[in-house]
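J.: Here is what each chain is made of, one letter per residue.
There are 2 protein chains.
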Amino acid sequence: MTAPDRSALAARDATDPLARFREFFELPEGVIYLDGNSLGPLPRIVRERVAKCVSEEWGDGLIRSWNDAGWVELPETVGGKIGKLIGAEPESVVATDSTSVNLFKVLSAALVLRPERKIVVSEKSNFPTDLYMVEGLKELLGKGHELRLIENPSELPGALGPNVAAVMLTHVNYRSGYMHDMAAVTRAVHGAGALAIWDLAHSAGAVPVDLSGAKADFAVGCGYKYLNGGPGAPAFAYVAPRHQDEARQPLTGWFSHKAPFAFDHRFEATDGIKRFLCGTPPVLAMTALDAALDLWAEVDMAALREKSVALTECFIELVEERCAGLGLTLASPRDAARRGSQVSFAHENGYPVMQALIARGVIGDFRAPDLLRFGFTPLYTRFTDVFDAVGHLEEILRTRSWDRPEFHARAAVT
Amino acid sequence: MTAPDRSALAARDATDPLARFREFFELPEGVIYLDGNSLGPLPRIVRERVAKCVSEEWGDGLIRSWNDAGWVELPETVGGKIGKLIGAEPESVVATDSTSVNLFKVLSAALVLRPERKIVVSEKSNFPTDLYMVEGLKELLGKGHELRLIENPSELPGALGPNVAAVMLTHVNYRSGYMHDMAAVTRAVHGAGALAIWDLAHSAGAVPVDLSGAKADFAVGCGYKYLNGGPGAPAFAYVAPRHQDEARQPLTGWFSHKAPFAFDHRFEATDGIKRFLCGTPPVLAMTALDAALDLWAEVDMAALREKSVALTECFIELVEERCAGLGLTLASPRDAARRGSQVSFAHENGYPVMQALIARGVIGDFRAPDLLRFGFTPLYTRFTDVFDAVGHLEEILRTRSWDRPEFHARAAVT
Numbered sequence: 001m002t003a004p005d006r007s008a009l010a011a012r013d014a015t016d017p018l019a020r021f022r023e024f025f026e027l028p029e030g031v032i033y034l035d036g037n038s039l040g041p042l043p044r045i046v047r048e049r050v051a052k053c054v055s056e057e058w059g060d061g062l063i064r065s066w067n068d069a070g071w072v073e074l075p076e077t078v079g080g081k082i083g084k085l086i087g088a089e090p091e092s093v094v095a096t097d098s099t100s101v102n103l104f105k106v107l108s109a110a111l112v113l114r115p116e117r118k119i120v121v122s123e124k125s126n127f128p129t130d131l132y133m134v135e136g137l138k139e140l141l142g143k144g145h146e147l148r149l150i151e152n153p154s155e156l157p158g159a160l161g162p163n164v165a166a167v168m169l170t171h172v173n174y175r176s177g178y179m180h181d182m183a184a185v186t187r188a189v190h191g192a193g194a195l196a197i198w199d200l201a202h203s204a205g206a207v208p209v210d211l212s213g214a215k216a217d218f219a220v221g222c223g224y225k226y227l228n229g230g231p232g233a234p235a236f237a238y239v240a241p242r243h244q245d246e247a248r249q250p251l252t253g254w255f256s257h258k259a260p261f262a263f264d265h266r267f268e269a270t271d272g273i274k275r276f277l278c279g280t281p282p283v284l285a286m287t288a289l290d291a292a293l294d295l296w297a298e299v300d301m302a303a304l305r306e307k308s309v310a311l312t313e314c315f316i317e318l319v320e321e322r323c324a325g326l327g328l329t330l331a332s333p334r335d336a337a338r339r340g341s342q343v344s345f346a347h348e349n350g351y352p353v354m355q356a357l358i359a360r361g362v363i364g365d366f367r368a369p370d371l372l373r374f375g376f377t378p379l380y381t382r383f384t385d386v387f388d389a390v391g392h393l394e395e396i397l398r399t400r401s402w403d404r405p406e407f408h409a410r411a412a413v414t
Numbered sequence: 001m002t003a004p005d006r007s008a009l010a011a012r013d014a015t016d017p018l019a020r021f022r023e024f025f026e027l028p029e030g031v032i033y034l035d036g037n038s039l040g041p042l043p044r045i046v047r048e049r050v051a052k053c054v055s056e057e058w059g060d061g062l063i064r065s066w067n068d069a070g071w072v073e074l075p076e077t078v079g080g081k082i083g084k085l086i087g088a089e090p091e092s093v094v095a096t097d098s099t100s101v102n103l104f105k106v107l108s109a110a111l112v113l114r115p116e117r118k119i120v121v122s123e124k125s126n127f128p129t130d131l132y133m134v135e136g137l138k139e140l141l142g143k144g145h146e147l148r149l150i151e152n153p154s155e156l157p158g159a160l161g162p163n164v165a166a167v168m169l170t171h172v173n174y175r176s177g178y179m180h181d182m183a184a185v186t187r188a189v190h191g192a193g194a195l196a197i198w199d200l201a202h203s204a205g206a207v208p209v210d211l212s213g214a215k216a217d218f219a220v221g222c223g224y225k226y227l228n229g230g231p232g233a234p235a236f237a238y239v240a241p242r243h244q245d246e247a248r249q250p251l252t253g254w255f256s257h258k259a260p261f262a263f264d265h266r267f268e269a270t271d272g273i274k275r276f277l278c279g280t281p282p283v284l285a286m287t288a289l290d291a292a293l294d295l296w297a298e299v300d301m302a303a304l305r306e307k308s309v310a311l312t313e314c315f316i317e318l319v320e321e322r323c324a325g326l327g328l329t330l331a332s333p334r335d336a337a338r339r340g341s342q343v344s345f346a347h348e349n350g351y352p353v354m355q356a357l358i359a360r361g362v363i364g365d366f367r368a369p370d371l372l373r374f375g376f377t378p379l380y381t382r383f384t385d386v387f388d389a390v391g392h393l394e395e396i397l398r399t400r401s402w403d404r405p406e407f408h409a410r411a412a413v414t
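Heads up: the protein sequence lines correspond to chains A and B, in order.
Residue numbers for the first sequence follow the working numbering, so the first one is 1 and each next one is one higher.
Residue numbers for the second sequence follow the working numbering, so the first one is 1 and each next one is one higher.
So that you can see chain A by itself, here it is in the shape it has in the complex (with noise of 0.2 Å):
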């Protein structure tokens, strides 16, 4: 088989249906923007709604603006519009807090659900934060909690067991761009009496999630790769409605007491979703999260899939053909429906190649130890982007442009 040419490209780029919404964010030139899933790029409309929030709610609103701009609802109002990306119940999901914090309060509430059984199994490659969550927590309880990781998705069966009390599983591996079967996965978790917590941070608004479909017990996510909500956006917490009344989570803050401004000493918990929010909600953050979420009502996800299949095959094709020999091993599935919106490429100087990548304008990232990722949001990429960034890709590793002091310099964020 024979890559496509840029033509071939740049007139699937003239029928895209989904081409329209590239005008929604601000994308500097000369920038092919492969990293949406580390960090989304700004939507025109959360400047405009950032800017009203600090000059019209908060400077002339002031303290008033929480109950007349709607700040106090805002965790609701916008997990509810996360809820819909994800395939959730109404009044399932609540924006709050990070994903780590939010991994220690559904991870709390899974063990409290499952009393007698002490065992979450995970990944070994899951994204470390998931995992140091659980270390923490285990440690602190001090109940002989174990953290049982796999290496690889097939032994998932032969790790459950009725001492498993959850398994905690990123939906699309953040290395690899491997996507589990959510729904099977669950039944087995299911089949063996544990629970299933399901951390969308690389599904939401990448790939169609169906929680709710699915029978998930818990998810968290991430705000600021494919939502675009922002640097350090609010995350997301979802629990299953069958589990609402019965799970508790231990960061028992203001906001998830039944009646907060009764000031009363005693904490009752509220109800519903509510209860796994905990401080007072970040205004500025949630508001630019809130606008970023509002141009996904216009999103056909099925669209939005066949896209983003699209573009990973077409990039997937395009390096085997143009960088054959070059050092690069394909390090996602092969096979599409086992794959993200992501490809990542393992070459053994993976960190220069992806600076020298980045001096070009070609923005992917790089993660340790040797694997170049790059992701493609279907919002805002176009084909003949992909066939452009594999121009550079090719021209750095033949001419070995990579290979200069400058690109070998280890910044502190990679």
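None of these hints come from the bench; they were simulated from the model.
All C-beta atoms, glycine included, are put in the ideal place defined by N, C-alpha and C.
Hints may be right or wrong, so weigh each one.
[As the list claims (entries may be wrong)] Within a straight-line C-alpha distance of at most 35 Å, the following computed DSBU-like cross-link-like pairs (lysine-lysine) qualify: (1) K124/B <-> K215/B; (2) K118/B <-> K274/A; (3) K258/B <-> K118/A; (4) K138/B <-> K258/A; (5) K124/B <-> K258/A; (6) K274/B <-> K138/B; (7) K143/A <-> K118/B; (8) K138/B <-> K118/B; (9) K274/A <-> K81/B; (10) K258/B <-> K274/A; (11) K143/A <-> K258/B; (12) K138/B <-> K138/A; (13) K84/A <-> K124/A; (14) K52/A <-> K81/A; (15) K118/B <-> K258/A; (16) K138/A <-> K258/B; (17) K143/A <-> K124/B; (18) K84/A <-> K215/A; (19) K81/A <-> K52/B; (20) K118/B <-> K138/A; (21) K143/A <-> K138/B; (22) K274/B <-> K52/A; (23) K274/A <-> K138/B; (24) K215/B <-> K143/B; (25) K274/B <-> K215/B; (26) K274/B <-> K138/A; (27) K138/B <-> K124/A; (28) K258/B <-> K124/A.
[Claimed, not checked] On the chain B side, residues computed to face chain A include the following (Cβ under 7 Å): (29) R47; (30) L140; (31) L284.
[Claimed, not checked] Every beta carbon over 12 Å from chain B, so not counted as near; a handful from chain A, in silico: (32) L9; (33) R22; (34) S154; (35) E246; (36) D271; (37) D294; (38) M301; (39) R305; (40) E317.
Once you have looked at the hints, place chain B on chain A.
T.: This is chain B only, laid out in the frame that chain A set:
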């Protein structure tokens, strides 16, 4: 003694050494803002800095700004600026998460440092979220911890004992404005072998604080009150340097890891105060707080305290003279040395009276069941504002103009 007249207060404003700071804030026309203890107003510089962060750092810089714009260091940069306002040692404060979440961290750390002790002492009148966080932690641990509540600061010595692990107090009470003697209380707490945790929500930027001099063990506080960081701004956490090697907190997200971008699946705590970070920092909110903190470099804290005391004295004198017999009872300490930068008066119709004040542009707030609460922030409150606010209060009470249906209707946030 006769309370001052308006012209005497206008003369005082004219010679106020802090008067120039009012221009740093955007205060709406026709508003006397006495609620900076709940939400600080918008500093002009914040509007500019947030717009720059959104457009240039996020919009143009994209993912590169984690390094290039110093995003990754924001928790320490901002923490360092706050540290200077609260007498903290260098590298002992980080800006992160919410006050509630940070309380969970420092409470957990204190219990780790006092493993044989089971009691946390606090005040029944403490801000409720502080007490709720203790409840959540003790329920999670399930090891027989107890939250012992005193009704009155004088009961503290009697509440101490060999089983007390920590005493958690808010330095300035959110309702009454009562200010503890931090050094004396900490000494008594240490004398009983316990640790002192201070909540500085109503102290940081309001009164001089000397954590180091008082030998405090842990502290937390809020970015959106006297620090003017914006609604739901990031909070902060302080850990005394002598505890930083031993202290452990359970929310061990990737930003508390020794090498977060090595993506190791095993958790290894970083050194020092960064152990008290958790997930990805909220950059927009952190930038707003960072900008708001810059004006403090020019503020003389002794002059701030002097004006704060003068404003609250003036308010009490005027209210007690002009509103005598109208049902108000001082609910704050009469001794200025024991009073923070706020004054509360009880009134049986406190809620509608406050709504009537707000309708006239005098913005304070109501705290159940009966408190009218007024914050006096020396950077932008004028002595004539105090005079005019009391004039409105007197008129509302004399004419009973608070007794209208619209002033009785309860809003979600009070």
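J.: Run every hint past the structure and note whether it holds.
T.: Hints, verified against the model:
1. K124/B <-> K215/B: holds (24 Å)
2. K118/B <-> K274/A: holds (30 Å)
3. K258/B <-> K118/A: Holds, because 28 Å separates the two Cα atoms, which is no more than 35 Å.
4. K138/B <-> K258/A: holds (19 Å)
5. K124/B <-> K258/A: holds (18 Å)
6. K274/B <-> K138/B: holds (25 Å)
7. K143/A <-> K118/B: holds (17 Å)
8. K138/B <-> K118/B: Distance ~9 Å between K138/B and K118/B Cα, so the pair holds.
9. K274/A <-> K81/B: holds (33 Å)
10. K258/B <-> K274/A: holds (33 Å)
11. K143/A <-> K258/B: Judged against 35 Å, a Cα distance of about 26 Å means the pair holds.
12. K138/B <-> K138/A: Holds, at roughly 15 Å.
13. K84/A <-> K124/A: holds (30 Å)
14. K52/A <-> K81/A: holds (20 Å)
15. K118/B <-> K258/A: Measuring from Cα to Cα gives roughly 28 Å; hence the hint holds.
16. K138/A <-> K258/B: holds (19 Å)
17. K143/A <-> K124/B: holds (31 Å)
18. K84/A <-> K215/A: Distance ~15 Å between K84/A and K215/A Cα, so the pair holds.
19. K81/A <-> K52/B: The hint holds at about 27 Å.
20. K118/B <-> K138/A: holds (19 Å)
21. K143/A <-> K138/B: Holds, at roughly 14 Å.
22. K274/B <-> K52/A: Measuring from Cα to Cα gives roughly 33 Å; hence the hint holds.
23. K274/A <-> K138/B: Status holds; Cα separation ~21 Å.
24. K215/B <-> K143/B: OK: K215/B and K143/B at ~29 Å, within 35 Å.
25. K274/B <-> K215/B: holds (20 Å)
26. K274/B <-> K138/A: holds (21 Å)
27. K138/B <-> K124/A: Cα-Cα ~31 Å, so holds.
28. K258/B <-> K124/A: holds (18 Å)
29. R47: holds (5 Å)
30. L140: This interface hint holds because 4 Å falls under the 7 Å limit.
31. L284: Constraint on L284/B satisfied, holds at 5 Å.
32. L9: About 23 Å separates L9/A from the closest Cβ of chain B, which puts it past 12 Å; holds.
33. R22: holds (15 Å)
34. S154: The claim stands: S154/A keeps its Cβ more than 12 Å from every Cβ of chain B (closest is about 18 Å).
35. E246: holds (14 Å)
36. D271: holds (16 Å)
37. D294: Non-interface label stands for D294/A: nearest chain B Cβ at 16 Å, farther than 12 Å.
38. M301: Given a closest Cβ separation of 25 Å, the condition holds.
39. R305: holds (24 Å)
40. E317: holds (26 Å)
Violation of the numbered hints given earlier is absent; every hint is satisfied by the structure.
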